[in-house]
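Engineer: Please work from the sequences and hints to get the whole structure.
Residue numbers (my numbering), protein chains in the order written: chain A, 1 to 372; chain B, 1 to 896.
Source of the hints: derived by calculation from the structure; they are not laboratory data.
Remember, it's a predicted structure, so these values are computed and weren't measured experimentally.
Heads up, some of the hints might be wrong.
[To be verified] One-sided excerpt, in silico: chain B residues whose CB lies under 10 Å from chain A: (1) 409; (2) 801; (3) 865.
Just so you know, even glycine gets a beta-carbon here, dropped at the ideal spot from N, CA and C.
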Amino acid sequence: MKILQLLTYLLLLISCVSPYKIEPSQYHDGMVIEGLITDQPGPYVVKISRVSPILDYVGHPVSVEGASVVIYDDAGNSETLQEKSPGNYYTNTIHGEMGRSYYITVATPDGSTYQSTPEKLTPVGNIKNVDYEFVENENPFTSRQVTSTNGFNVTLDSEVLPSQEGRVWWRWSGTFHIFTYPELKKKVIESSPPVEPPLTVPDPPPCSGWISNSRGGFVQVGSCKCCDCWVTQYNQLPLLSDPALTNGNEVSSQFIAFVEANVRTFYDKYYLQIDQLSLSQSMYDFWKEVKQEQSNSSNLFQTPPAKTHGNIVATSDGATNVVGYFAASAIESHILTLHRSDVPYGVQPIDTTANVCTTLYKNSSTTKPIFW
Amino acid sequence: MKIFTAGFLLTIAFSAHSQSILDRKVEASATGKPLSAYLMEIEGDSECKVFFIDQWLESFQIEEGYVGMTLGETLRKIFEGTDIYFTIFYDYAIVIVKDPNQTLAKTRFLQSIRGEKKKVETKSIGAKGKIKPGTIVQLTGTVKDGKTLDPLANATVYVEGTTRVATTSPGGTFSLAVPAGEQFVVFRFANYEEKIVSVGIYESGELNADLMETPKVLDEVVVTGRQSSVVNGNVGQIDLKLAQLKKLPAFLGEVDIIKQIQVMPGVTSVGEMSSGFNVRGGGVDQNLVLYDGVQIFNNSHVFGFFSAFNSEAVRNASFFKGGIPAEYGGRVSSVLNISSKEGDYKKWFASGGIGPISSNIALNGPINKDKTSIFASFRSSYSDWMVKTIQYSNVDKSSVAFYDASLKVAHKFGENDKLTLTGYASRDKFGLPSDTTFWWQTRIASLHYDHRFSERAFSTITLGYGEYSYEVKDNGTSTGYDLKYALSYPTFKVDYNYHAGKHRFNTGISSIWYGITPGNIVPTSPVSNVKPQSIARQQSLEVAAFLSDEFEITENLRIDLGARISSFTAMGPGKVYSYQSGQPISSSTMVDSISYASGKPIKTYAGFEPRASAVYKITPFSSIKLGYNRIYQFIHLISNSVSISPIDIWQSSNYYFKPQIGDQYSVGYFKSLKSNQFDFSIEGFYKHLNNILDFKDGSNIVLNPTLEDALLRGVGKAYGVEFSVNKNTGRLQGSFNYTYARSFRQVQSPFPGESINSGNWYPSNYDQPNVVNFTWRYALSRRFSFTGNFTYRTGRPITLPYSYGYLSNMPIVNFSDRNEFRVPDYHRLDLALVIEGNHRRKKLVDGSWIISFYNVYARKNVYSVFYKTNQYGLPIPYQLSIIGTVLPSVSYRFRI
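Structural biologist: Now the structure itself:
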């Protein structure tokens, strides 16, 4: 029977999963264009970049520099945008007006041209109320709580104007403060013969304020420049109203965000900005497609998701594929600040991370935001 | 000794007399004289010399019939079929020679059959004393299956050492002119044991033969075309000659019909986990698989690892990939017609196999001798308990189990009537560690009544019932559900065959009543988030009538003309939704619905399906074949995976889904060399498919009551060339085939963005342009053989996410065009050593061992590519290799 068992082992262990390698030659180049004109004071920005290979998920998008971006309105006005940082093109004087339609044209240095379909700026209703509720899914003291399933469910009630036809687009950005201990950073040194655990020596980065002295020790020479970081999070799925659930002129208890309560997000407080935007039917459909693509479950028998395109098309022959949009939206914003004390139990102290604070999260900056 | 003089004479110079001696007429006075005496007479009254040995001519005498014939003719007639012949030297000497080659050949033949331990029966027809040497006598008889006693048509009967051959009629009878004397008569029929009878034929008489099916283990499954000869068979009908090639390496020791079909030219599969197969660029749902006349919808166990047919229970299987006869319809690409085994009418037998995954046993024998027989087989896995013993990851929490069973009871009411009952059941259970369990099962039963009106006419009535269903159950608290699907299809068919001169007619009608319960989901726990949902049952009726005529116009030209008229009606109860015109079909454009009462026709389709094929023999050893067929298909597999998976949805045609129409043109050249030692063929085809369905990007097909919003209609085309060479005899036997074929789809929609790949042609899921299959068997000794097979296929197309960008801080992924990428090419080598038991006939158990190695060089062939969303919200493509290592197995098969 041993032999039979062995064979069964083999059968069950033989199947294997490994990353599928896409050869660089198999990529198709593509452009990503994103811009929004609002009823708020400008300047407004149009960002142009190139797509990144799917396996290069830590890489940063390559900006498209030197493009000519022009914004037009339906009154015959136009304005050329200025590239103030690589790939970011800003307006100067134009101001979004209710009822006006806007579109952009983009000409890249390689001669390709693109154009967006006109989008009309329509008003948006007011956010009437933002509510939050703490959900305790796990005992906060049985683990270190660097990540947690506990947190705040944030919902809102809002007015929907008839001109919106039941369509609302929400987005949010949340900011929190973290603290790390880069001066405790160590590095492994080679030893012969190798020992277990490997030998390590202190290796503080200079931004920690500590440097090595001539005697092999370390001295503090200044304050830490990479211990305090502010991390920004964004919604990872498009948030859209369901026209079927838009009751008359309002939406109520619309789920917006889940703010995770852990020792980092509530080291200090959590600052949440919620934007409520108006949008056209075509932009609504676009975000819906994006949402569908994002929530497409992973399984062996999945279908390829619908292709997302947006409202920008190439207008010259041979131009690379483009994905993106230029929208016109009225914005209504609401700020919600959740404090450490709002968590119904005492949050444990932040974990000791011996690293530069910017490396912990994707959007992590040592610059203190103006609203902090 | 005059014979020695003959040798001496060779050196004498040629002299001038003409060969007048042989022109001399036999006088009436010679009648009744012994040949030797007569020859001496001739020598006396002419200048001629006749050299011979007296004993040789002892039994020959001059018959009355020879009077008036020339001496030459007379001698030729007299010596025909004997080992004696004569030559003439220098015009005055007749030398009678005993052909040493003839004698040697006979001796050698005898030695060879003794060496092979073949049984030679001895018989005598007529008394030896009555011998009239040189006469030709008529041998007649019937060839029957020794077990079922059914007559065998197209069996070969020949006299060893001569060119005298006969083929049996559909009634198994033959008539053969044989030179009187001691002869070896050989009876042959594909996949049956050869029978050799040493007959002393001294007058016309009867010689019957009962042939036994080849009993060697593993030689059970034979895939043949309708006719056994490469040169004679119709185009697109494969004769695999598995009789020689069956001892192939088997996947985990399981002999598998479907896997054997997958290595034939023009047939591909997308990987290990696919019991379905693709024939000439067609989908897996386009193959009609019949088990004793009833369709089978899912022919796999364990998600396609094994086929659902126990090879022990299969008698034979015919496969048609082109020139499909009018008798078959309903699937546009191919027909696989499997007949199960019938029990022995005389004795009881048992056979079985023990493999690492499953074991099987079969019993058969007479319930009522010569009248009623039974065949029962059962196969079951025992992998489940082994899975439980594995303490690795959470493998022990998963479960795999399957069984299949087959039963056949046949009863003969006299010579001309037979009633057969077939039952077949197959069931699978597959449990994942994540609380999800799949079950799927097939059950069929059929009743056949065969009646023979005369030698020329017979008829079969088939009444069948089939059912395919599956269930998926999730026991999670918040995700718990129970999903059920069922499809039932009572079937009726009657056909009538009539053989008149050069025509063979086949006509009949058939019908299938489909009842589909497309889905029913209920939550299994009170806190489950799953909403209960049920989709209404659908019913439909398919009816067809067919007529075909196989017409032997000349000895070298045969045509087979046929037609089939099929109709399909989707019946109520049902609801048809209507959508805004000029808008894409979606839930948001739905405007109204019409309800149909039970039994009311919702939509009817009808089709005329012409079928034609022709075989033209250029020489007895080469032929050109042509074929055309049109077939309508009314039931579609709605699948977003590439192979048949147990949770696929079969959807019948309805208001929105038109029947698929397949047209295929094929042409081929066939040649056999060195008396069938080698055969060679090249076949080309072009196939056009209409109304095929492909899913829209991002659509949902499971439990979708309005499937029309998830699917788009398109066209398909496939074309290719298949090249194959077989070596059929000798120690080394094998086959090699290479196929170049393409398969494309085109789906255009009037609405922007809906067309797949902007409405351009794109490769289908199973477009695998280059396919090579090479199988061989080398007999190391009489008991040991070394077999192998090598397969190469271009990787199949896939759709991939390949790039992304950020919009509003969210990753937006670009997917490639449909089927723009391919998985790496597939190739695999399998080897096996077959050790057969001794070939003695009288033994208790006839057993054999098969030691096989699957995927010898452990290639990680990619089955599929899927994507998992990573922490950055990006779908990352992963490739799944079902078998990433070499798989050894040992199995044992026996027969008692």
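Engineer: Please list, smallest to largest, the hint numbers that this structure does not respect.
Structural biologist: Per hint list: single violation, 1.
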